[in-house]
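Trainee: The listed protein sequences derive, respectively, from chains S and C.
Residue 79 in our numbering sits at position 79 of the first sequence, and the numbers go up by one each step.
Residue 1121 in our numbering sits at position 121 of the second sequence, and the numbers go up by one each step.
Note that these hints are calculated values from the structure, not bench results.
Among the hints, a few may not be true.
Unchecked claim - Some chain S residues close to chain C (C-beta under 8 Å, calculated; not the full set):
id, residue
1, Thr33
2, Ser35
3, Leu37
4, Tyr41
5, Arg44
6, Met45
7, Pro83
8, Asp85
9, Ile88
10, Asn92
This structure is a prediction, so every number in the text was calculated from the model and none was measured.
Even for Gly, the Cβ is constructed at its ideal location relative to N, Cα and C.
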Amino acid sequence: MKSNFKIKNSIFIFFSFLIFLFFFKYNEIPKKTFSLLTDNYNNRMIKMYGFCEKDGYGFLREIKDKYKFEKNIKIINFKPRPPSDWIINKVNSIYDDHYIFIINYVKDIDLTFVKKNNFFYNTNDYEFSDGISKIKFNIAKKKISGPIKLVIKDKNDKKIYEKQLDKIEDDVWINISYKTKELNSRWNKFQIEIQGLEKSDLDKILDIKVRLISSFNIDNYQIIENSNNCYLLKK
Amino acid sequence: MKEVIFIILQNFFFFLFFYISPFNLILENAKTKFSFIDQINLNIIFFLNILLISSFIKINNFYFIIFYIILCLISLLIKIYYKWEIKKIDLSLVFITLILTTIFSIDLATSIELSWDAKWFWFLKTSALYAENNIYLLKDFISPDYPHLGSLAWSLFWKYPFNLNEYFGRIFYIFFFITSILSFVEVIKVEYLKKIFISLLFIFLIYEKSIFSGNQEILVFSIFVITLKIFLIFMEKKKIYSYFFINLFIFSIFPLAWIKNEGFFLTAIIIFSLILIFYQFSNFSNYLILITFLIFFSRQMFLFIQNINLESFEFDKTLKSSNFENILNNSFFIFKDLIIYSLLQPLIIFGVISMLYIILFHKFFLKKEKLLNFIFIFFILKMVFIFFAFHFSMENVEWQSKVGMKRVLFQFSPIYLLVFYYLDKIKIFK
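One chain only, chain C, in its complex shape (with noise of 0.2 Å):
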């Protein structure tokens, strides 16, 4: 019984956690107005910011959470000081939320199965920082070079509030991929129920036990959700080209190259597709070249300060010669698997068959829809992504499409949810 009122509670502390953040300060008091569900979601992301600051500077777990919890009530204080209105719970949402946390939490509890990956580093990377919160012990440990963002996330509430066991962390994960896929949703103008309806049937088709057994795409789906909701609240309002946008865009994706390795070339994606829609904003795009480069420039010089070499990358075999006649075989096992995972998403399914439909009967190539274009520019750099991923990244091509494809498929899947988004705007389902 014990168990099960912690899995509740662990998730009603989630709530509160991210209810209360000192970010709401500043979203509060933009003028661009954020949602109740948006609010928790992107005090997640704040969140996930500033614990990757503290593990930098290596503070200790504990003393991260009081300096966090204080910084919490400062902000509240002056909140109230100034008589600034408090964001209203949406009592409904919460009810919803805490329905599907708690289900998917103790499917989670009983499974509990870590994944192959899990177990070879991402769980002994996240009981390291479980033990000690200081990221720079990682260095001689198997994968040095994976990021390690997601484990100090698990790491972290695995231990805080009640401390019980690994998979509390993991709830986290669970918190955060519903009440992303909640927020996105409010984007699509339909009723309030119909909403939630909507939202549940994304939630049931994508939920799988796999996606929280450890591995960390899980993180990188949902960050990429809450970048791609961003991006329609301020298109909505034709805030594109404003910096408090690109600011919390770019402040929204910075986490993601320090959560897999693949999030970084997401990252870069995300912003060249975005660049080569609004180029010619001069500004706009050379703000958002400059911080691809930051970003780049932050995750090497990481690396390179602790002298870690990208071992898990097989460049010295991939580069060859002989790889480089194998290309067109190893190209057959890509796309093979590229079919068959893409088949087993029902998202993937979804979204392509839908950009099928807008190409062939609402005259694509005629319209000059930005959005349109972003999808597609996205899903052309997408797959030569995959392509180039799978050839050069380890030796034997054919094992790790045949293993990898699944999870590389399903970081990029949130793209389906704006052919979506599409499907509404051209008023489809009226």
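This is chain S alone, in the form it adopts within the complex (with noise of 0.2 Å):
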């Protein structure tokens, strides 16, 4: 490419105006420049990856710069994200059995599942439940008489579980207590289908919540360090 130095101003001025809207519309250039001038590398990861939401970012490096473990620490995160360990975990190193860290905790896992074309799909996900532990219907009226059989199946139509009900009530949870893993996903649709109800009945379903059994309960283990719903424990 050679240089041509006579630049004619028309085509520079369009050159000029081009460069700024890249600088208003997609960078906010000098916005970020002071950003980063004010912010320090760790506060912009905690800012993007989360303190102890998200990936837990700041919650691990902060226990791992405490006690500078020599292994690696296993990282259960409960939202359903990419596993934290190319934050603190190094390839290849062996992992410590004694601890775990647990981010995003919540005792009481919920699947939620909203109507669409007469079946209820779920709207979240969960990695690690060993079971379905109750159920309840929100529904536009006070109870639904049956009999009704709710049938609950994966994207490939196999049935994961089936239960006859005599009726259904807003707002009750409905004890299940069935043990299964196949409810455990990071991206799949479930469906649930309610059979034996009048379309007018289906219609007043506004959604489910299926209650799942959670697979780690931390009263079983020492906790070491706690910040929210972060943890480190010792087993």
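Once you've looked at the hints, go ahead and assemble the two chains, each given alone in its own frame, into the complex.
Mentor: This is the structure:
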């Protein structure tokens, strides 16, 4: 590319305008440069990956720096996110079985199913459950009488669980206690089918909550460190 | 303040590092002349090849850099001794590149985000290689069948020259992306300022934060752009059958298969498109087939020696008859995502519209233009690959297509730059 220093003003103005637009629309460069000057790398990482939310970056770094673990520590994030190992763990290092990090811990993990075309589909996911604890219906009236058959299926239409119900009541938990790991997922869609109801009654069901049995009960561990919903636990 | 200064210095370092490459001895003595920015890009590709070889023989990062700098200095001394002309630096291009790379680097430094895949394996590979340049340690790690060259480059430039934060390694991806586009646009025969304007247009249209979020597609994209540039340089000079071209071409696509698994298929598609166009020249075709086989063989040997299976793929599930029963359903998901994610990428929208224009108004079927045939054959093979890859790589085709389609399309999208070149050739912009 041969330089041509006889620059035509109009093109130059156009060029400058384009750069300005780019600055303005995409990058907000002055603001970002200022943020680079005022925020250090660690603060920016915490803003991006959370202290005790998202990937738990701040909590994991702080505890790692405090205890200076030589081995890797297993990390369980209750939110469906990529494993947080990249923050503190090393490839090919062995894991210390005595400790465990829990990020975004919730005691009661509820899958919410909302209606689409007469079926109910989950809007959130969990990876660490051992089964179904109970189910609750959110209905636009007090109760709907049965007999009603509730079927939970995976995306390939494979039946995971089914139950006959005499009636369903608004905001009342129905005990289930069924062991399965098939509802553990990062992204899969599950389906609840309600059989035996008239369309008018089916339309009254707004959403369904399925409470899962958590694989982890922190009461079984010794809490070494805790900040909000993040824990360092010892067996 | 320190971080901003180091970002600018890191970009200066890239210019210097890739300007004084020992590969210049070959490029500057070739009959075909390369521009300043071409040379920078070809030196990057040369560097990637050397880096790949060094990784097989486990050379320590530090010794590798020292070895490379010594090679650079020796080549410089040879040039001075023989009084060979040293390539002039195009200051205006250096200035534009530095402005753009600094802007994008600041954007990267503030958003800093790693993608899902980057967190899951690319960054872990990178941090392992940052600690120790030993690719053989990666075999017991998640997705060992994923190639390592991109992570290796990321880890190296994270450590050198400043050893600050991981994103300094990713600035290399930005540098390569911008210089590759600047290099490609040189083939368009317009005034200098218009070229700059077109380059900026392409860069702004293609740029989005996610392409530098640690995924490797941007490296595949940039290498593909340079490969196309080499192809055009030699095609314009009617030297496509020269061994210098073939060797340079092969040399530039070789790193693709070591950056992403799709890179091998991209290599195969490029080569087979070329063979179909230039099939009458049997030596040329035979040589290209042999090279494709060698690239495939080298990659498979590497996996075989280390006893690594293709565990990221679910062939055991996808090749079952139940998967074939869903073929229509799955094809619908793939086709839907193909349309949606194509519409999200301006370069693809532009390319497809232009291709339609060429077919409808430029009597495509009556013309026997090799370049046009290359574009269309590549396009067809790309489509075949996309349908096969998404059908058979993972059992959950719908999910795989949803999360992967955009990135696969992005890797293949430089082909549409050729459409732009063709439009310029038929003087559509005049």
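Trainee: Could you run down the list of hints and mark each one as holding or not?
Mentor: So, going through the hints one by one against the coordinates:
no.: 1; hint: Thr33; in the structure: holds, 6 Å
no.: 2; hint: Ser35; in the structure: holds, 5 Å
no.: 3; hint: Leu37; in the structure: holds, 6 Å
no.: 4; hint: Tyr41; in the structure: holds, 5 Å
no.: 5; hint: Arg44; in the structure: holds, 6 Å
no.: 6; hint: Met45; in the structure: holds, 6 Å
no.: 7; hint: Pro83; in the structure: holds, 7 Å
no.: 8; hint: Asp85; in the structure: holds, 7 Å
no.: 9; hint: Ile88; in the structure: violated, 10 Å
no.: 10; hint: Asn92; in the structure: holds, 5 Å
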